[in-house]
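Engineer: Residues per chain are reported as follows:
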Amino acid sequence: MIPEIGHYAIALALMLSAVQGIVPLIGAHRKDTVLMGVAGPAARGQFLFVTMAFVALTITFINSDFSVALVAQHSHTLKPMLYKVSGVWGNHEGSMLLWILIRALFGLLVAEFGRNLPAELRARVLGIQGLIGLGFLAFLLFTSNPFLRLDPAPIQGEGLNPLLQDPGLAFHPPFLYLGYVGFSMAFSFAIAALIEGRVDPAWARWVRPWTLAAWIALTIGIALGSWWAYYELGWGGWWFWDPVENASFLPWLVGTALLHSSLVVERRNTLKSWTLLLAIIAFGMSLLGTFLVRSGVLTSVHTFATDPERGVFILALLVIVIGGGLARSAVRAPVLKTGGLFAPISREGALVLNNLLLATATAVVLLGTLYPLMLDAVDGGKVSVGAPFFNATFVPLMTPLLIACPVGAMMAWKRGDLTGVFGRLKLAALMAALIAAGSLWLDGETDVIAAIALGVAAWLIVGATVDLAERCSLFRISLAQSIRRAINLQRSAWGSAIAHASLGIMVAGITASSAWQTEHIQVMKPGDTVDLASYKVTFKGAGEVRGPNYTALRGTFELTGGDEKITDLLPEKRSYPAERSTTTEAAIYTTPMADVYIVLGDSDGKGGWATRIYHNPLVPWIWAGAIFMSVGGLVSLTDRRLRVGAPKRATAKSPSVA
Amino acid sequence: MTRKRRRLMVVMIGGLLLATAAALVLTAFEDNIVFFHSPTDIATNRELSIDRRLRVGGLVKPESWQKAADGLTHNFAITDLNNEIRVAYRGIMPDLFREGQGVVVEGRMHSDGHFRADEVLAKHDENYMPPEVAEALRESGKWKGSTEK
Numbered sequence: 000m001i002p003e004i005g006h007y008a009i010a011l012a013l014m015l016s017a018v019q020g021i022v023p024l025i026g027a028h029r030k031d032t033v034l035m036g037v038a039g040p041a042a043r044g045q046f047l048f049v050t051m052a053f054v055a056l057t058i059t060f061i062n063s064d065f066s067v068a069l070v071a072q073h074s075h076t077l078k079p080m081l082y083k084v085s086g087v088w089g090n091h092e093g094s095m096l097l098w099i100l101i102r103a104l105f106g107l108l109v110a111e112f113g114r115n116l117p118a119e120l121r122a123r124v125l126g127i128q129g130l131i132g133l134g135f136l137a138f139l140l141f142t143s144n145p146f147l148r149l150d151p152a153p154i155q156g157e158g159l160n161p162l163l164q165d166p167g168l169a170f171h172p173p174f175l176y177l178g179y180v181g182f183s184m185a186f187s188f189a190i191a192a193l194i195e196g197r198v199d200p201a202w203a204r205w206v207r208p209w210t211l212a213a214w215i216a217l218t219i220g221i222a223l224g225s226w227w228a229y230y231e232l233g234w235g236g237w238w239f240w241d242p243v244e245n246a247s248f249l250p251w252l253v254g255t256a257l258l259h260s261s262l263v264v265e266r267r268n269t270l271k272s273w274t275l276l277l278a279i280i281a282f283g284m285s286l287l288g289t290f291l292v293r294s295g296v297l298t299s300v301h302t303f304a305t306d307p308e309r310g311v312f313i314l315a316l317l318v319i320v321i322g323g324g325l326a327r328s329a330v331r332a333p334v335l336k337t338g339g340l341f342a343p344i345s346r347e348g349a350l351v352l353n354n355l356l357l358a359t360a361t362a363v364v365l366l367g368t369l370y371p372l373m374l375d376a377v378d379g380g381k382v383s384v385g386a387p388f389f390n391a392t393f394v395p396l397m398t399p400l401l402i403a404c405p406v407g408a409m410m411a412w413k414r415g416d417l418t419g420v421f422g423r424l425k426l427a428a429l430m431a432a433l434i435a436a437g438s439l440w441l442d443g444e445t446d447v448i449a450a451i452a453l454g455v456a457a458w459l460i461v462g463a464t465v466d467l468a469e470r471c472s473l474f475r476i477s478l479a480q481s482i483r484r485a486i487n488l489q490r491s492a493w494g495s496a497i498a499h500a501s502l503g504i505m506v507a508g509i510t511a512s513s514a515w516q517t518e519h520i521q522v523m524k525p526g527d528t529v530d531l532a533s534y535k536v537t538f539k540g541a542g543e544v545r546g547p548n549y550t551a552l553r554g555t556f557e558l559t560g561g562d563e564k565i566t567d568l569l570p571e572k573r574s575y576p577a578e579r580s581t582t583t584e585a586a587i588y589t590t591p592m593a594d595v596y597i598v599l600g601d602s603d604g605k606g607g608w609a610t611r612i613y614h615n616p617l618v619p620w621i622w623a624g625a626i627f628m629s630v631g632g633l634v635s636l637t638d639r640r641l642r643v644g645a646p647k648r649a650t651a652k653s654p655s656v657a
Numbered sequence: 000m001t002r003k004r005r006r007l008m009v010v011m012i013g014g015l016l017l018a019t020a021a022a023l024v025l026t027a028f029e030d031n032i033v034f035f036h037s038p039t040d041i042a043t044n045r046e047l048s049i050d051r052r053l054r055v056g057g058l059v060k061p062e063s064w065q066k067a068a069d070g071l072t073h074n075f076a077i078t079d080l081n082n083e084i085r086v087a088y089r090g091i092m093p094d095l096f097r098e099g100q101g102v103v104v105e106g107r108m109h110s111d112g113h114f115r116a117d118e119v120l121a122k123h124d125e126n127y128m129p130p131e132v133a134e135a136l137r138e139s140g141k142w143k144g145s146t147e148k
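Which chain is which? The protein sequence lines are U and A, in order.
Here numbering that gives the first Met the number 0 is used: position 577 in the first sequence is 576, and no number is missing along the way.
Here numbering that gives the first Met the number 0 is used: position 22 in the second sequence is 21, and no number is missing along the way.
Everything labelled a hint here was simulated from the structure, so no lab data went into it.
Mixed in with the good hints, there may be bad ones.
[Stated by the list, open to error] With a cut-off of at most 30 Å between alpha-carbon atoms, the simulated DSBU-like pairs for lysine-lysine come out as follows: (1) 535/U with 66/A; (2) 425/U with 413/U; (3) 381/U with 3/A; (4) 524/U with 413/U; (5) 605/U with 3/A; (6) 535/U with 524/U; (7) 605/U with 60/A; (8) 381/U with 413/U; (9) 524/U with 539/U; (10) 564/U with 535/U; (11) 524/U with 564/U; (12) 425/U with 381/U; (13) 413/U with 3/A; (14) 535/U with 605/U; (15) 425/U with 524/U; (16) 66/A with 539/U; (17) 524/U with 66/A.
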């Protein structure tokens, strides 16, 4: 009964989304308040029904109701509760339902908290959200129905891919989807603005919180995915430029550009068509990511079961959204009034540079990701484009961006003073030079590129700190006054400084872990010791252990530093009988400065075990950077000027808040 | 500066960036793209140079997998059921590497006709066949399984 309720709720939500996608748009066109008023209740109803469907599916998974095909294929009675629940979105159908649920939630938020939006804009935004919902609900209902029954019902389920039975991965998809769907809000606002032919600073402020929220969620989602790959796949690496990783990275890059360009719209009322274009492309990239993952056109560890029909459906959605959006903007963009002109040496000039570099980098990553598909389509042979390509292209494009970042952030709007900014950044430049020189000296003067990259990291971190200190006039006025200034400083200034410094932390982590990773592969007998940086790793032996739904071979390694024992590390090779599958569980000892990472391999049959041991310097800085970066985003989100619906148009009756 | 000249400047910087990116991409493609070959391609030797990285895929030939005395070097053969190629890999095999199943390896040909792999990609699903492998088998005319990707 419960699955049928869920199924019916999806059908109802589909009908409502059709209403929401058509009636308010007509209403806005005719300026008919009654028709426009349909949008709110429709969005609320849609959220209600989609939630019902999602809850129904969750209950089905928790109860292990194997008469539902999806549950039978992806669950098992012995699975721990966390993974029964995360199993709901650990498969194609369920993850699409989650996508739709988040979209419905965002629609509800606009309907509830968007009361300060002009009625027509709100109706149009909700209408376009309705159309997007219509596309996805139809996709779910007609190609990927999660509630299909199975007759006869099997006695036991097939289980969830053991690689996905992991806390990091349980929360990876929801965050990614929050990001993807968040960009659908920016998209809806952009299309609504194109219909109205009007973009102004108030518009930019309405869009900004959505973009920012999407960007934060995507940052966390990508970091979780990368963290999972690091400790679960057992290769000691954390980013492989795998097509599916790129698919989530592309919307992040465009979203980052959008965050920066919408600032220019907000403060200087210019760069409007470009910002609209970015909003359209950011959502387009999110759909492209969904398409690449769902259609199975690319081979990757992440792809779920593949079905050409689904791929075609998402491709059609993608073409409609991007094609329609771009066509709309080509027709309407010239109508938009261009704002004032601006000087190249100014904050807005720096933001344009940021956008040019990010857009180019996006194009390069997109090309590298799709190149194997394009070549295959013209029968040019099968190729793979891997990390060396991206390192050779992406890194040189990002370097100027990172170097320009602190300079741009300190530049004044309208007319910047380059000499003044460099004067204030003297300390950062000095620190960067010291760190680079120190790294060269420690490294034995071999890795110049890594030394430069560490210098850039220091430049970013110190540059952001100097920026904050300058804004509070630290050491020039009394400390109490500085603190008062710091408290009164715009939250968005804090946010951007935190995010830029975190970028520096991340760059340091990426650099050190790529340049100075050490890897030892060997056969170890009990008692054997490997020297690793300042540690010693001693193999104690391996034996069998039992988990809730797996059995494992567990190795015991003693980690000693100096002459003291630090801890035992216990890597495992797990074998899951229900899924007939094995996984590698690396054992990781984390300190702020480095990770010790141990993988247990096969027995050589003579009492020895193949082992792989890594020393990964500064790897934790990568995740720390990602966390601080999203904290920066959150701080910026609390900026008073960005509260949802707070901004008003200058022409509104009430006095302007700006 | 007039509006026109400023716009021209932005366009020029953008153009310069795109040109740089194009140059970067082209040189990177030149050096870093890895082509996929089937064992038959390699047997019929389409001028495969030994100093270029390639990928080879097919089925792991049953009963061909041996571990060398050092306990770390794995030797096995990849076959497309017409031709086969010997592969050597030093390291820990992925969990899902099995004889008789699809595999893709990346590395370089060695002058002795062996393939030295530094990466072994076995998919995380035992029923899964990498599309490249399925295609290679189909081309060799020996494919029997269902061919839906």
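Engineer: The structure should be examined with respect to each hint, and the outcome stated for every one.
Structural biologist: Okay, the hints, checked on the actual structure:
1. This hinted pair checks out: residue 535/U and residue 66/A have alpha carbons roughly 28 Å apart, not beyond 30 Å.
2. Between the alpha carbons of residue 425/U and residue 413/U the distance comes to roughly 23 Å, so the proposed pair stays at or under 30 Å and holds.
3. The suggested pairing of residue 381/U with residue 3/A is violated, with an alpha-carbon distance near 46 Å, which exceeds 30 Å.
4. With a C-alpha separation of about 68 Å, the suggested pairing of residue 524/U with residue 413/U is violated against the 30 Å cut-off.
5. Only pairs whose Cα atoms come within 30 Å are accepted, and residue 605/U paired with residue 3/A is rejected, the gap being roughly 78 Å.
6. The straight-line distance between the Cα atoms of residue 535/U and residue 524/U is roughly 15 Å, inside the 30 Å bound, and the hint therefore holds.
7. Restraint check: the Cα-Cα separation between residue 605/U and residue 60/A comes to about 25 Å, which is no more than 30 Å; the hinted pair holds.
8. Our distance criterion of 30 Å between C-alpha atoms is broken by residue 381/U and residue 413/U, whose separation comes to about 50 Å.
9. Simply put, residue 524/U and residue 539/U have alpha-carbon atoms about 8 Å apart, close enough for the 30 Å limit, and the pair holds.
10. Distance check on the hinted pair: residue 564/U and residue 535/U sit about 9 Å apart at the alpha-carbon level, within 30 Å; holds.
11. As the CA atoms of residue 524/U and residue 564/U are separated by approximately 19 Å, the hinted pair is consistent with the 30 Å bound.
12. Distance restraint check for residue 425/U and residue 381/U: the Cα-Cα separation of roughly 51 Å exceeds the 30 Å cut-off, and the hinted pair is therefore not satisfied.
13. For the proposed pair residue 413/U and residue 3/A, the alpha carbon gap of about 17 Å is at most 30 Å, so the pair holds.
14. Between residue 535/U and residue 605/U the alpha-carbon distance is near 24 Å, which keeps this suggested pair within the 30 Å criterion.
15. Our distance criterion of 30 Å between C-alpha atoms is broken by residue 425/U and residue 524/U, whose separation comes to about 55 Å.
16. Restraint check: the Cα-Cα separation between residue 66/A and residue 539/U comes to about 23 Å, which is no more than 30 Å; the hinted pair holds.
17. Distance hint between residue 524/U and residue 66/A is fulfilled; the C-alpha atoms sit about 17 Å from each other, no more than 30 Å.
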